[in-house]
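Number of protein chains: 4
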Amino acid sequence: VGSRPLLYQLSKAGKLCVPAMNVNDSVTKQKFDNLYCCRESILDGLKRTTDVMFGGKQVVICGYGEVGKGCCAALKALGAIVYVTEIDPICALQACMDGFRVVKLNEVIRQVDIIITCTGNKNVVTRDQLDRMKNGSIVCNMGHSNTEIDVASLRTPELTWERVRSQVDHVIWPDGKRVILLAEGRLLNLSCSTVPTFVLSITATTQALALIELYNAPEGRYKQDVYLLPKKMDEYVASLHLTTFDAHLTELTDDQAKYLGLNKNGPFKPNYYRY
Amino acid sequence: VGSRPLLYQLSKAGKLCVPAMNVNDSVTKQKFDNLYCCRESILDGLKRTTDVMFGGKQVVICGYGEVGKGCCAALKALGAIVYVTEIDPICALQACMDGFRVVKLNEVIRQVDIIITCTGNKNVVTRDQLDRMKNGSIVCNMGHSNTEIDVASLRTPELTWERVRSQVDHVIWPDGKRVILLAEGRLLNLSCSTVPTFVLSITATTQALALIELYNAPEGRYKQDVYLLPKKMDEYVASLHLTTFDAHLTELTDDQAKYLGLNKNGPFKPNYYRY
Amino acid sequence: VGSRPLLYQLSKAGKLCVPAMNVNDSVTKQKFDNLYCCRESILDGLKRTTDVMFGGKQVVICGYGEVGKGCCAALKALGAIVYVTEIDPICALQACMDGFRVVKLNEVIRQVDIIITCTGNKNVVTRDQLDRMKNGSIVCNMGHSNTEIDVASLRTPELTWERVRSQVDHVIWPDGKRVILLAEGRLLNLSCSTVPTFVLSITATTQALALIELYNAPEGRYKQDVYLLPKKMDEYVASLHLTTFDAHLTELTDDQAKYLGLNKNGPFKPNYYRY
Amino acid sequence: VGSRPLLYQLSKAGKLCVPAMNVNDSVTKQKFDNLYCCRESILDGLKRTTDVMFGGKQVVICGYGEVGKGCCAALKALGAIVYVTEIDPICALQACMDGFRVVKLNEVIRQVDIIITCTGNKNVVTRDQLDRMKNGSIVCNMGHSNTEIDVASLRTPELTWERVRSQVDHVIWPDGKRVILLAEGRLLNLSCSTVPTFVLSITATTQALALIELYNAPEGRYKQDVYLLPKKMDEYVASLHLTTFDAHLTELTDDQAKYLGLNKNGPFKPNYYRY
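Residue numbers (the numbering used here), protein chains in the order written: chain A, 4 to 278; chain B, 4 to 278; chain C, 4 to 278; chain D, 4 to 278.
One or more hints might be untrue.
Which copy is meant is left open, so a pair is good if it fits within one copy or across any two.
[To be verified] Below, simulated DSSO-like cross-link-like pairs (lysine-lysine); rule was C-alpha separation at most 27 Å, straight line: (1) K235 / K125; (2) K234 / K180; (3) K137 / K18; (4) K226 / K18; (5) K234 / K137; (6) K79 / K107; (7) K180 / K272; (8) K15 / K261; (9) K272 / K261; (10) K234 / K15; (11) K226 / K125.
Read the hints as simulated data drawn from the structure, not as lab findings.
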């Protein structure tokens with residue numbers, strides 16, 4: 004989810020000494036590891052740590068990228084009332100059309116039961132905001148690293164930390180207010196949930212194919228730069244996993260392939276296609 | 004929705020004599036004019052023409068691109084049982100994860116109540132398949148042009164056409180079976196529904212900004228080629244429409260912008276980002 | 004939907020001179036004519052009259068009975084942000100668990116784009132509240148009669164009425180604000196939508212069976228009172244309509260029927276069962 | 004969920020020696036402990052035991068009562084393809100309208116990944132059917148007792164049981180096929196999930212109020228029979244829990260109460276109302 008891909012920085016600085024494949028942004032990785040996987044792991048992570056009931060809860064989700072979209076869809080489906088914060092107007096408009104109110108965190112901080120960060124940014128939830136949260140509210144991170152929630156700011160003498168079970172801390176204010184912090188602000192999906200084998204398989208297959216491609220590529224195909232996975236390989240990874248669902252692909256007729264200007268075996272979409 | 008963009012063909016053939024902007028593939032156009040708009044117009048178009056009840060109906064949707072995704076989401080939400088056909092394994096896998104069985108049309112042709120084409124292809128529904136549809140079933144096109152359903156094949160002497168109301172024909176087989184063909188196979192959303200002013204506004208703004216950009220661009224910025232709308236403009240179009248929803252964007256702090264390596268005013272995403 | 008069933012009043016007053024069957028409260032009538040039918044007709048009625056886009060719209064629905072539940076589910080599924088008003092704490096709690104904020108109308112009147120009444124009550128939307136609605140907002144009634152919105156209060160000299168198309172009036176305030184009133188406050192689903200033949204069939208079958216039962220019943224089975232449809236008949240109506248959906252019912256084995264203390268042919272539920 | 008309430012049997016046999024209150028069938032109990040609670044615990048129970056990914060999975064749910072409705076809604080929302088089996092035509096028709104194919108178990112037994120029983124019946128899944136399940140499929144019970152799946156039939160010499168973790172057994176066929184049996188066929192929601200404190204509070208409040216009512220009731224109000232909780236108490240339990248959600252109830256005006264023929268403080272619905 005991170006927003007400052009190191010490889011692109013190296014490449015820009017002319018310091019990348021081998022070709023690299025950005026598998027993180029292949030379609031299957033993005034949609035499966037992020038959208039579809041997080042749609043489930045947010046529920047799983049919250050239940051295993053807090054046993055919270057989702058129905059009727061007010062939740063704010065910071066960031067409406069693939070991870071945020073997954074979290075929002077799951078919690079809305081289970082009866083939570085979900086608010087979204089965004090910095091990007093396109094993602095914000097998507098949130099509107101998907102039925103979420105787009106707010107600044109300060110507008111809802113006093114009323115929400117759960118805050119979930121999915122931004123790739125830092126200090127998205129500040130000490131000042133944590134001070135204003137309700138007693139018993141939950142705060143956790145689905146984004147990246149452990150910087151999205153300013154956890155460091157909670158390690159001050161006037162606050163008491165109480166470890167209530169593995170990965171669950173109650174941070175207690177002088178007036179007795181408790182905020183439930185999960186995984187000390189690290190990734191909930193990695194710390195308190197599991198990654199389904201199906202998603203691991205997609206990710207591992209993608210990585211293996213990328214390595215094989217880089218190894219087998221004729222000299223000169225790849226320079227010392229960062230490349231996206233060739234679309235045909237992305238499609239190949241997907242096709243290998245369709246049998247799991249007993250899904251039956253339709254084949255183009257020769258006539259249709261000609262009409263569409265496509266090879267019958269793909270790739271089926273232009274590079275800029277968004278899925 | 005079309006799959007053989009003429010401008011790209013001209014460009015490839017070296018016959019494009021001016022720079023061109025592919026506004027159709029800007030994010031706001033794709034998501035709003037296709038996904039979000041079709042999510043509503045499929046319901047509207049079917050109701051205005053046939054008054055069909057969606058609950059419990061079996062529907063097959065050919066193509067799981069933006070249009071197909073919109074149609075599937077709407078009909079599933081209203082209690083229809085939806086099947087998907089796809090040629091592209093990535094889209095097929097998305098359909099699986101969204102809860103749709105991916106089938107070949109022939110597997111479900113005898114049982115479905117409604118067929119909707121959203122492919123950009125031709126002859127997606129053939130005469131042979133129309134022959135096997137149930138009495139009273141509905142067939143319509145949300146994709147492009149009027150070639151997705153092989154309507155020409157229905158103009159044979161043994162079949163009777165009965166116009167029951169504007170845009171609605173009953174095609175009657177010798178045994179009395181009726182198939183309800185909407186808009187003679189032309190686009191349902193254009194023929195039998197309306198485009199919301201909100202979506203028109205997004206599309207028109209995008210087009211106007213693209214023209215202004217091409218007109219104002221310094222000599223040499225654009226060659227005789229096809230360009231995608233600069234992301235900042237796409238974001239600008241979105242931001243102009245947020246007030247409609249009373250949506251409040253969060254602004255990056257200087258510190259956050261630096262951490263993310265972004266300009267505080269965008270663009271906020273790399274070019275390959277899929278939304 | 005009405006809340007003061009005349010037959011029950013007559014019965015209570017000892018003025019009912021024949022046995023009567025309350026078919027309106029049979030399960031199939033309530034769920035199909037109200038919940039499932041309104042889930043579709045609210046969308047249809049709004050589209051045909053106003054072409055409004057649902058995505059991102061803020062909507063308040065007054066009343067969370069069967070009709071309100073149907074309207075809420077449909078609009079939420081299409082990306083609207085839905086608020087609910089209720090007088091009954093049980094229905095209010097259901098709304099919470101289904102993901103809707105339960106508010107008083109005055110809390111949201113200035114921000115909503117659409118008001119829909121589904122209460123069976125009168126003066127649910129008052130002139131004072133209509134005065135505070137946004138320019139361009141829509142108000143309509145899915146409940147009963149034409150009293151839920153205080154339409155009479157809008158017929159005052161300072162307001163101008165402009166009929167923009169059949170069933171659609173713009174009521175114009177002196178400052179130019181327009182509120183879009185549908186069907187002059189009468190039932191939107193009857194005035195601006197259609198009732199699917201499937202639902203008509205269920206309702207008509209229920210009524211016919213009730214009449215046959217009353218006619219054929221042995222002397223003394225029914226007194227001069229109001230009766231609910233015998234559950235077996237309700238089940239019979241449902242079973243007659245299952246073939247439409249190619250639905251296959253499971254039959255109890257003798258052993259299972261004995262275990263459950265049920266007749267293999269039903270009725271399958273106690274009378275107080277809520278479905 | 005049980006289908007043979009002992010108290011009603013005792014009452015029918017004239018053997019009930021004190022008045023009894025059927026709190027299990029109060030609205031708040033039915034909807035919260037069954038529908039809303041199981042909507043979450045089915046996901047939780049499956050994740051904690053098997054880490055299964057829901058997206059794309061084919062699931063059959065036996066029984067479409069409150070528990071089945073909750074399970075279906077949750078799994079559909081997370082991208083599973085859900086089939087329903089039913090003996091009751093009314094519930095079967097509800098399943099159709101909610102977008103589920105109603106089938107006999109034998110029609111889908113070979114293709115489903117997960118079987119969930121929610122019937123209150125016995126031998127809903129037989130050894131013969133377990134023999135035909137796919138390798139790696141999961142079978143569990145959300146209904147009642149431990150009789151819904153014929154677990155006893157799996158304790159035969161040719162099958163090997165392997166305990167893979169607490170509450171999870173692999174039953175291994177001679178050909179190596181494994182079926183994953185959860186909680187040895189006992190209730191998944193009680194064995195492998197938790198009951199939210201909110202639901203406990205509703206249930207406990209209902210039980211306490213019922214006891215107080217029986218204790219305080221004037222002589223003669225209750226005979227040696229089984230009674231449903233008076234509706235006003237059901238409404239009172241609900242109203243006590245609304246503050247959790249910051250839900251604001253609307254109050255009837257005197258005029259409206261008179262129009263509806265209701266007391267302003269409730270009860271608000273006739274006894275046969277289904278919610």
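When no copy is specified for K137 and K18, does a C-alpha distance of 27 Å or less occur within a copy, between copies, both, or neither?
Classified as neither; 48 Å inside a copy, 52 Å across copies.
Intra- versus inter-copy proximity for K272 and K180 (alpha-carbon distance at most 27 Å):
Close neither inside one copy (53 Å) nor across copies (38 Å); limit 27 Å.
Copy assignment of K15 with K261, given that the CA separation must stay at most 27 Å
Result: close only across copies, 17 Å inter versus 40 Å intra.
Between copies, within a copy, both or neither: which fits K226 and K125 at Cα up to 27 Å?
neither (33 Å within a copy, 40 Å between copies)
For the identical chains here, do K226 and K18 meet the 27 Å Cα criterion within one copy, between copies, both, or neither?
within (12 Å within a copy, 31 Å between copies)
Homo-oligomer pair classification [K107, K79; C-alpha up to 27 Å]
both (19 Å within a copy, 22 Å between copies)
Is it within, between, both, or neither for K235 and K125, if the alpha carbons may be no more than 27 Å apart?
between (36 Å within a copy, 23 Å between copies)
Measure nothing new, just compare the shortest in-copy and cross-copy C-alpha distances for K234 and K137 to 27 Å and report within, between, both or neither.
So K234 and K137 fail the 27 Å test inside a copy (47 Å) and across (33 Å) alike.
With identical chains, the pair K272 and K261 could be close in the same copy or across copies; at 27 Å between alpha carbons, which is it: within, between, both, or neither?
Answer is within; shortest intra-copy Cα gap is 14 Å, inter-copy 35 Å.
Within, between, both or neither, where K234 and K180 count as close if Cα-Cα is 27 Å or less
Neither way: K234 and K180 sit 52 Å apart in one copy and 36 Å across, limit 27 Å.
Between copies, within a copy, both or neither: which fits K234 and K15 at Cα up to 27 Å?
both (23 Å within a copy, 20 Å between copies)
Checked against the numbered hints above, the structure violates hints 2, 3, 5, 7 and 11; every other hint is satisfied.
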